[in-house]
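Two chains, each in its own frame: build the complex with the hints.
Protein chains in written order, with the working numbering: chain P, 1 to 182; chain V, 1001 to 1249.
Keep in mind the hints are simulated off the structure, nothing from the lab.
Just so you know, not all the hints are guaranteed correct.
Derived CB-CB ranges, DEER-like [stated by the list, open to error]:
1. V/D1173 / P/Q111: 53 to 59 Å
2. V/G1184 / P/A127: 42 to 48 Å
3. V/L1037 / P/R51: 21 to 27 Å
4. V/D1173 / P/A76: 55 to 61 Å
5. V/D1090 / P/A127: 30 to 36 Å
6. V/G1150 / P/L126: 50 to 56 Å
7. P/Q111 / V/A1146: 35 to 41 Å
8. P/K80 / V/D1173: 52 to 58 Å
9. P/K80 / V/R1238: 54 to 60 Å
10. P/S84 / V/R1135: 55 to 61 Å
11. V/A1036 / P/A46: 27 to 33 Å
12. P/A76 / V/A1036: 16 to 22 Å
These figures come from a predicted structure and were not determined experimentally.
Just so you know, even glycine gets a beta-carbon here, dropped at the ideal spot from N, CA and C.
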Amino acid sequence: MRSALNARRVIAALLAVALLLAGAAGEAAYVAHTNKQRADRWRDRAARLQRNADALNELLVRRTGLLNLRARQLNALAAKVRLSSEALSRSEGDVQSLEERQRALANEKAQLEDARAALEQEQRVLADVASRYVRCSNGLKDALDAVVGEDTAWLDANGAEVESTCSSADAALQDFQTAYGG
Amino acid sequence: MSRRLALVVAATLVTSGCAVEAQAPPSRAPTTTVPALTPVSPLVADATRAQVPTIERDSTHRAAEQLTVRVRNVNCTGITLGSGFAIAPDVLVTNRHVLAGADELTIDTWDGRTIGVKTAKVGALEDLGLAVVDRPLPTVARFGPAARAGGPVTVVGYPLGGALTFSSGVVVDRVDGRPFGVQGDVLRLTARVEHGNSGGPVLDAQGRVVGVVFAIQVATGFGLAIPNETLLQLVRARGFEALPPCGSQ
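Bound conformation, chain V alone (with noise of 0.2 Å):
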């Protein structure tokens, strides 16, 4: 008897302690629906290493290359070569000795098209003159701030009649110019000249006009520039007469 009883209270004890913990709830598995990534291809990691094409140096030559101008001569004795440049469409500057006894001058643009010369007027007191063409010139001057020893430059011509040739160098120094027969500071630089390259630009090293070349300076080799400060006040001081005739220059 005392066992029996002994089994019902133990059979008790044990079914209440199976109550005490429930179980969690079994959760759902998310639904794995996620496509496969799309790969990339590796052209997007040549296209990101891509160097954008440096046309800056290009544009800036080919600025300087359609500024600058050839001026053909024809006078009494020959035709006389000289390179210009434009600082207005129809307005081109370059020096006093290539327009100097002209009978009819011509330029030539770097694509080949020849302009005539409507009127030539030169610097009565500098190596400089003005021409004023017929049509409009492929492109205009900027100037640049006033040129110091020691600044990059590129001269821009066609010497000797040649082809167009940019040739580097630094300004050496400002001197007066009057030994050189011009009023005023005169640039001298490393940058190499030649007999055509009179009348030519001479740029800094963002393309703009810090001069305008008119001589070589025999003792040094050095090239000689009339900086654009001068050539800006007389052409706003109108200092510019008709032009010499034949064998008066």
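Chain P with its partners taken away, still in its complex shape (with noise of 0.2 Å):
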């Protein structure tokens, strides 16, 4: 009767035994069904976000590459700048100075154009002084032979003209004085 009953409990043990076991492996089983789909998932996302770690990181390296070349080429251009700013300022300073050459040549060479029309005016002017006192000059010659020559006739008829010749001559020399000194 006792060992009956012990026979019982053995069996509903290993029941319950058997009954636990069977739930645990299905929850194992189910646990590693989900497990799974969760690494499936984990792992596309992992790809996923490698693909993108990838193509940013290609970007990046373009990118790197490309702002290195421009850096570059700012560089290069930089020192052209540079170089023609340092050229611009020679070349500048260089008109400068031939520019302040040329005007004080063009102001000297007004000058002397000055001097010399003033010249070539003061010629003429002398020119026309020295003429009047030439033909005065011979007046007063043919004046002096009328005199020798005792023509008094000539004398009355150009007597008057050759000292108007003459007065002419002086005031033209007055004129000259007075206009250009001497």
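In structure tokens:
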């Protein structure tokens, strides 16, 4: 009686254990399935992220390369700008000094042209004065001849004109001296 | 027996608990192939800070220099010197008293060229004159709006027959020109004017012609200029006549 009772207890315990094991196995199977799905999702996500990271990395490499290219071009341009700026400063200085020299020479030339024009004008006026005196001298010479030859008719006819010619020459000389000095 | 059973149950439970959470798969570290950045030269900063040369003022200055010419009048009393400026490639404006009585007229440009004059005429009523030259003048004037009192001006010319000068000042006012022998208004200027400036341009801040210098007001020392409106009216009306002979002006 007692052993039969023990046997039933054992059987009951075994059944309970079997049920527990079956439940645990079911749970383990469910968890394993869920884990596989989760693992698949993680793997997909990781692969996606990896692809994104690779793409970004590739983009970064390209952009960095481009940036470096631009930086090198910028550096080269800046060096050219510096050289051009220095050359421009030198040229500007050269041009300024040449222009200053050109202005000074132009001014000197203009002053010389003024002096030349004034001298030419003075020469013209003086030539006019001289020609008047030549006419006066010729008139006086003719008048002297008329006096020597006692040609009163000539003297009466031309004396006033000779006097006028000589007065005109004196006036021209006076004007010349007033205008030009000396 | 019951102890064995308990061990089996415990082992089963532990084993099933181990499968509760899965570990995330390890990710591959990204490949680091990004190149190092090329440093930017300090010259770039210098270049960005570099000032663009302010050539505007220079160009206005140079334009004024090229515009203004020196007029030499050889006449029966010697030579008379003045200034002038081009209103067309072969026509320059100056004063009547600069051209009057000329036996010979020549023009000197800023760069030393000498240009001959073919014909010249003077204003019948104003102290203005025109000369037609035998070669093109360096540059032609741009005319500005009527000058107003207080406006900044620059008188450009060859005072006393010397080098080209620039004299800055302002327009004092517009006054009746008849006391000065000029029809219409004249501009009074604080800019220094001397003999030889006659006929030279009065320029505004943009280098445009606003008047023609013709005299100095002895009482005040102000320079006097004929406004460009009067000049333009005279040119449009063709109010010019032949040069008066030497000694008659």
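Given the hint of 50 to 56 Å, check if V/G1150 and P/L126 actually sit that far apart at their C-beta atoms.
holds, 53 Å
Check the following: the C-beta atoms of V/L1037 and P/R51 are separated by a distance inside 21 to 27 Å.
holds, 26 Å
Could you check the hint for me, namely that P/A76 and V/A1036 are 16 to 22 Å apart, CB to CB?
Between P/A76 and V/A1036, where Cβ atoms are some 19 Å apart, the hint holds.
For P/K80 and V/D1173, compare the CB-CB distance with the range 52 to 58 Å and indicate the outcome.
holds, 54 Å
Do V/G1184 and P/A127 keep their Cβ atoms within the hinted range of 42 to 48 Å?
For P/A127 against V/G1184, whose Cβ atoms are near 44 Å apart, the range 42 to 48 Å holds.
Taking the CB of V/D1173 and the CB of P/A76, does the distance hold inside 55 to 61 Å?
The hinted range 55 to 61 Å holds for V/D1173 and P/A76, with Cβ atoms some 59 Å apart.
Outcome of range test on Cβ distance (P/S84, V/R1135; 55 to 61 Å)
violated, 36 Å
Could you say whether the range 30 to 36 Å given as a hint is met by the Cβ separation of V/D1090 and P/A127?
About 33 Å separates the Cβ atoms of V/D1090 and P/A127, which means 30 to 36 Å holds.
Assessment of proposed distance window 54 to 60 Å (beta carbons of P/K80, V/R1238)
At roughly 57 Å between Cβ atoms, V/R1238 and P/K80 fall inside 54 to 60 Å, so the hint holds.
Is 27 to 33 Å respected by the C-beta to C-beta distance linking V/A1036 and P/A46?
holds, 29 Å
Given the hint of 35 to 41 Å, is the C-beta distance from P/Q111 to V/A1146 inside that range or not?
With Cβ atoms ~37 Å apart, the hint holds.
Holds or violated: the 53 to 59 Å window for the beta-carbon distance between V/D1173 and P/Q111?
violated, 36 Å
Of the numbered hints stated above, those contradicted by the structure are hints 1, 10, listed in ascending order.
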